[in-house]
Amino acid sequence: MMSSSLIKPWDRVLFVLLVALLSFGLLVLYSATQHDAQVVWRQTQRIVLGCLLGFLVAKQHPRTLYVAAPWLYGLGLLGLLCVFAFEPSKGAQRWIVLGSLRIQPSEWMKLATPLMLARFAHQAGYPLRGLHVVMALLLLAVPSLAIAKQPDLGTALLVLGSGLSVLYFAGVRLRWACSGLVLLAIACPLLWYFGLHDYQKDRIFTFLSPESDPHGRGYHIIQSMIAIGSGGLWGKGWGLGTQVHLDFLPEPHTDFIFAVLAEEFGCVGALVLFLGYGFLIARGLHIGQHSSSLFGRCLAGGLSLSLLLYVVINVGMVSGLVPVVGVPLPLVSYGGSALITLLISMGLLFGLKRHQRSSWHG
Amino acid sequence: MDKRRFVWAYALVVAAMLLLLGRLVQLQVRDHARYHTLSHKNHVRLQPDLPARGLILDRHGVVLADNQPAYSLVLVRENLSEPLETMLLRIQQVIDLSPKQLEHFHQNWRKARSFQHVVLKEHLTNEERDRFAVHQFAWSGCTLEARPSRMYPLGEAMAHVLGYVGKVNDEDALSTLPPFPGQRWLGRTGLEREYEHLLRGQPGYRAAETDAHGRPLRILEHVPAQSGAVLTLSIDADLQRYAFERLKGKKAALVAIEPATGDVLAMVSHPSFNPNAWVQGLDPQTYHTLQNDPEQPLFNRALKGRYPPASTLKPWVGLAALEEGLLDPEATLLDEGWFSLPGDTKRYRDWRPAGHGVVNLKRAIAESCDVFFYHLAHTMGIAPISRWMHAFHFGHTTGIDLPGEPSGLVPDPAWKRRVRHEAWYPGETLITAIGQGAFLSTPLQLAHATATMAHHGIGMTPRLVRSYRFNHSGDPPHEVLPSIQNTLGLKDLKHWNTILEAMEASIVWPQGTAHRIHRKEGPRVAGKTGTAQVFGIKEGEVYEAHKLAKHLRDHSLFIGMSPLPEPQIAVAVVVENQRGSSVIAGDVLHWYQHNRMNNPS
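Chain order of the listed sequences is A and B. Its first residue numbered 967, the first sequence is counted upward by one per residue in the working numbering. Its first residue numbered 173, the second sequence is counted upward by one per residue in the working numbering.
So that you can see chain B by itself, here it is in the shape it has in the complex (with noise of 0.2 Å):
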């Protein structure tokens, strides 16, 4: 009895062991593949594969946005033969290094791990390179790391539509669109900015064998990145590189815009900086004196700058005035060069001291006759103005595809109100309607309008995207298709090809304000001017532009289109505290007319 329980013990120990050693055949010999796989994959590490970002081209292909290898100078700890103070004195008798870039060296240095590169010096030049590469036999555990970065052919000319990428930054991950792991750049401003979701593409990743320091062994599995949509810009690079120089030593701002389909041809900001610096990394100081620059080279003024329309104006107050019956076509008028309100001594002035004689409708244009237009004012109201001035889409944004366009602005009486808790005058009636006064638009805007009226009254969105394509799908490209931003039906529609030609004559007849950008050859060509007041001369006083400081000269202002009658480039010019915004803008219509209306583009 007693001996037995002995015995069953004896075997129950056999039966335990045998039992574990069982399940470790299970463990150990039938599912060992699988268990060397899983251990295997514990140490498996993923690398985000980066994408290209996406190019931008101009609508001919040309490339205005690109990525180039940019060179780094990268030391190895794992790799280095000499010690590391050694190392880096000998570099430096070769290659300057700058003790912001040391002490940015040296703090990722005591961080890394022995295998991983640690950036020294990025943007390395030409030279730099050519001198790594003869002393790069001796320098073991030092070598260049080739990174994209981004590069702007156009430079200036293209800077403040394209905008630039920056580094990405902590607060990044805040916004709508967090960047993903391992994105390095991020566009800030312009299209770059506007269209990031497309440019960044998609990342993958690399599947890697690492030991248990983290160091990649071999790649596992390859996921590849997708690189980022090349846009295709409805820009013509060689028109924009043409006006950038035309506006240079100014500062101004052109717009040239399709009527049929809205595609802004160019879109230039003068004066403009390189946007290639910021790529690179620009140091504190000269981004400080880029924004403190009182001719605020960083300020996009076609899209952002408002300026009173002045006297361009007026082909719209003309209009309204036809459609609202208040006008004949051939109605007189004696302009002995200023108005008066009824019951009031105060005289508003024409430009001409002794103003423009009879003028009917046509000549008030082409002469720019402000007389004319106060008493049309005079007659209109507020209201009716306001109301067209609205119709035309001034007072508005124009929708295109660019952060941070301001609206325009059209005074009226709830504004004034609503604004400087002050009631309307009527004498401001007479002002606006000669553009002056409260009275905003920026160039897009206004391009935008003339485009309009080149289209006889349908307006097309301003865009800059004509159509973008992923490379990796083998799909077509995504078009933008043109939309329409605003129409406007008029009663009568000869009332367009009234005021057009008004505007041709401005051009064409000799008093015409216009006049000296007439060509006795070539296409036809409308045209209105303008003059902006920076400061207000009293009455019975002379604008005299030299007296006066550079500042507070009048800003110099113009609209065009080509050809007649079915314009296929509106274009707006502003020139600020200088004339000759007609005449750069008649130099675009030329050139434009020259290069491009006999090809087909």
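Pulled out of the complex, with its shape left as it was, chain A reads as follows (with noise of 0.2 Å):
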């Protein structure tokens, strides 16, 4: 039970829209898993375990975390390391295997490594200059290429992302941005000839033109399309979508659980999903904007940002926008880790507008 002076710092509408978003997830998930219970249950439960992290981690103030940040990060890095030690599973080296236990480190980065920028930040000072970019896009790359070369290009697309929303709002001087974007084209063919997996190549080819192996690598790109376009603007109702019931869309209850929304939902559906995602994320921005300190206002800002990058590469992929890369829907998707981390970092934003008005110096 908690006391009244503990109650009112938690943010109201947040936590409205956490919920809301959270339900109409599972909503999603019980139709695109045909209507098993079990998995949803499953589902709660993680949420359950997501929300109780979360609410532990909301209540440190800031500065334990600001202290603690460096420590996760390197920590994070050994992990990093240590996965190249165990046995590829599915041709992907991700986890530390204890004995039952699977632990991923690439997850724990997506923390770890936003904490540390904005440590970083912080420490540095704003606007963040010179050598201090450097490093700090040193401290970005490393776990960024570690995670990307497992291979896991989803996730190390995101660290990369969140890493550079949080420089975003240390005050990073744009021209540095046009100037990383000029050096992406110039490595692009590099990163063709010489980066790229085979099957990761397949999959921009594909995502160049499905139909040319439709039932190959294009299928489950054009069957999402078929899903989302066939679900026209009121969507086929819920449970009642075709293309998921009739066992043509695959993976619908993780990676592409967004067409089974499309689908059923509509585009007034999508759109009251994107109204959601929209305001949770602008408030995960207040919250950054109305921080004390420049460590608060770099963490909620990066987080809110990389939760729309979240967004927009898997609505992306789904709709043929973008290329397939395994990323899931934030807070829809079925899938432990992910959803675990999301909560976490809301947990964060949470901790960061209680203690708004709290000043400390780093």
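Since the hints were derived computationally from the structure, they do not count as laboratory data. Keep in mind that a hint or two might mislead.
[What the hints assert, rightly or not] With a Cα cut of at most 25 Å, we get these calculated SDA-like pairs of lysine to any residue:
#1 K422/B / R478/B
#2 K175/B / V1014/A
#3 K175/B / L1126/A
#4 K175/B / G1091/A
#5 K175/B / F1245/A
#6 K175/B / S989/A
#7 K175/B / L1103/A
#8 K175/B / D1002/A
#9 K420/B / T433/B
#10 K293/B / R249/B
#11 K293/B / E257/B
#12 K175/B / L987/A
The structure presented is a predicted model; accordingly, all values stated were derived computationally and were not measured.
The task is to assemble the complex, starting from two chains supplied on their own in separate frames and drawing on the hints.
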């Protein structure tokens, strides 16, 4: 039972939006799994776990996090190195296996990296310039590349994205961004020949022309677009999506769950979802905007924009705008680790909001 | 500065959402119709539309192979109003169900969807159908289903020529003409097999919109099947039936050919079997009985039975001698009943112990004098004999459009060395000249050679199918043109008539071996009898049929043609282990003269 002094600083708007999105997600999940209550129950359990962890994190004073950041970051890096010592599973080396426990360091880094960068930014002072920028980029590049090597391109992009978002709020000059883009453009062909795995190249081909291999690589995208398109304006109704229920849509409860939503709830349903996410992200930005420390601003802003990145990549992928990368739809897709990580990051936001008024110095 | 970044961030959020929304509008509003259709296309199932098998008709349009509806008793799970076991019990009170049928049914029932028809019993009799009609209202979930089933109106009479269809099995997929999807029946023997590619037609399909369980909801597209070609045969159904009746009770074969075209007017083998039983499904018991029957009803004697031609060969040997210049038509010989090779005491006997006296070629053929031909054989030698027999197309296949035709056998020294690793004895030349020994020919080959003789040396390929027609295309029928199998030119064309007149004499002359079939009025008939030894009789002994076991008795052969001088029908008859081939042939020729020759057919 929480006392009133504790309850008040809890951001009600954030809470309501979170609950709404999570509930909507469970509804869609129920349909996507062909009315499998077991799955929905398991997801609920994970939500509860995530909320619990988020709660614990939210209770912390930002200073605790500030101090812990480098340690968390270092631990994560260590973890990223250790994965390579274990056997590849499904062609990827993403886990540390301790007995029956499997830990994914890349998930850890999704939180540890923005924390680290936010701390660095706070320490270096606003705006971030010169050598500090280089150092910051290094701090970001190392885990990103390590994750990409696993290979887990999706998570690497997310970590990269969240890091860059933090740096954006740290005041990095935008011309850096432009030159960064130019560098990327030059790097693309190099990346293509030396960096990308075959299956990743395949994904880009499929993205450009899914019809060329409708039963192989293009299948997911084509079925997904059919599902979305056939939903129309108002959707076919909850539980009435033919694509899902006839097993045409693969992975309907994980990465492609948005297609289920779009087929059953239509354009209008998707709009509702977007409004939900939009307001959630905006609220996060708002928390950041009114945070008392640079650390808080960078962290909240960075986490919010990275949530935006999640949504854009997943929905873009499912609707054929973006090549397929394994990124789940936040708060809705079935899947433990991403959901928990996200709820912890929500916890961070809650925490920052609670301690908005208290000032402290690093 | 600080704040601006946040403002831009808000803007970015809005922009991103608009971008995604825009994409969704593109898919869900602008392209909605297209995706709606595609999502439909996902659950469209193709059902094969099965073609009707082509009919087979005789030369006058009489149906020889037909498709008739066969009724099956069928159950549908979702329409059952009572438990399955109760339903089955009630059905069994009225219609018999064998344990095998039930077992089969239960197997399929387990695998079937709730809306699918599962067959309980096939080939319901008319009575069973009537019983069903009476009880139908009380048996919900149970219906009749009609499927085309092959039917042969002439039954046994055409069984060997038409063959039969059997159910498609897994091994057929490996053959050169694999069955099309959904094909249930496949020609197994005879014409059904030889013309499978024409008879089976082309499958079509129906594109049905189905729900998640595969249940068809409505038909979206329909490409109709194309039924198989209708074959018109050269067979004359009435002649075939008559000939079949005449052969009843014997192990025998008859082939009748039209010399000018090679049309096979009749092709009969006895004993025969009922092909309709095969279509309905033979139980293993009956099948084994048929297979192991010593009378061999499944064996097409007309096509595959190989017999020594015996004395029927004499006209050809005579013709060969004439052409070789070794014989003068008027030259005579004294036949005292036996012949010996120089320096040998062994006597080769004539069938008539006392001999025929003074004979020339005509008399030798008409009275079937063996000794005359022994002399001829000895004079000619095996080499020209063998060469001429090959020229008359003995020892070969005729090329008829039926599967499995064996070739005949003309023995000669080369053959004997190759197959039996022995040298040729001079006595074998004598025996070969009268068509005994290792000489073998099928009734079809005999008829073909006879028809060639009737046609003065131009042998037409025997054909069963004259034309075929695809009904759906509106095209005119495809004619199968008569083709020449072999031709034989003679140095002196008069020799044909010499031989043919001699053959006529065997019927017209009182002492001719075929005189019993002579009729005072009517068109001219020519022919030759033959008796093939099955059991060798020692020198000095007399052949007494009644003393030998049935299967050891001589075969009776006859070749004939009518009318001279330009025969329209040539016939060959073989009767195993008993006499009577000439009478049968005579009756058949007479029937043809009476029923066909006066009316242009």
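Quick one, are K175/B and G1091/A close enough, alpha carbons at most 25 Å?
holds (16 Å)
CA of K175/B to CA of S989/A, is that 25 Å or under?
Roughly 33 Å separates the two Cα atoms, so the pair is violated.
For the pair we were handed, K175/B and D1002/A, check the Cα-Cα distance against 25 Å.
Measuring from Cα to Cα gives roughly 47 Å; hence the hint is violated.
Taking 25 Å as the top limit, are the C-alpha atoms of K422/B and R478/B close enough?
holds (17 Å)
Are the Cα atoms of K175/B and L1103/A separated by 25 Å or less?
Holds. K175/B to L1103/A sits at ~23 Å (cutoff 25 Å).
Run the distance test for K293/B versus R249/B: straight-line Cα separation, threshold 25 Å.
Status holds; Cα separation ~16 Å.
Holds or violated: are the alpha carbons of K420/B and T433/B at most 25 Å from each other?
violated (29 Å)
Pair hint K175/B and V1014/A, alpha-carbon separation not exceeding 25 Å
violated (35 Å)
Holds or violated: are the alpha carbons of K175/B and F1245/A at most 25 Å from each other?
Within the cut-off at roughly 18 Å; holds.
Hint check: K175/B vs L1126/A, CA-CA at most 25 Å. Holds or violated?
holds (23 Å)
Take the C-alpha atoms of K293/B and E257/B, compute the straight-line distance between them, and say whether it is at most 25 Å.
Given pair K293/B, E257/B holds - Cα atoms ~16 Å apart, limit 25 Å.
Restraint status (C-alpha distance of K175/B to L987/A at most 25 Å):
violated (28 Å)
The structure does not agree with the numbered hints 2, 6, 8, 9 and 12 stated previously, though it agrees with the rest.
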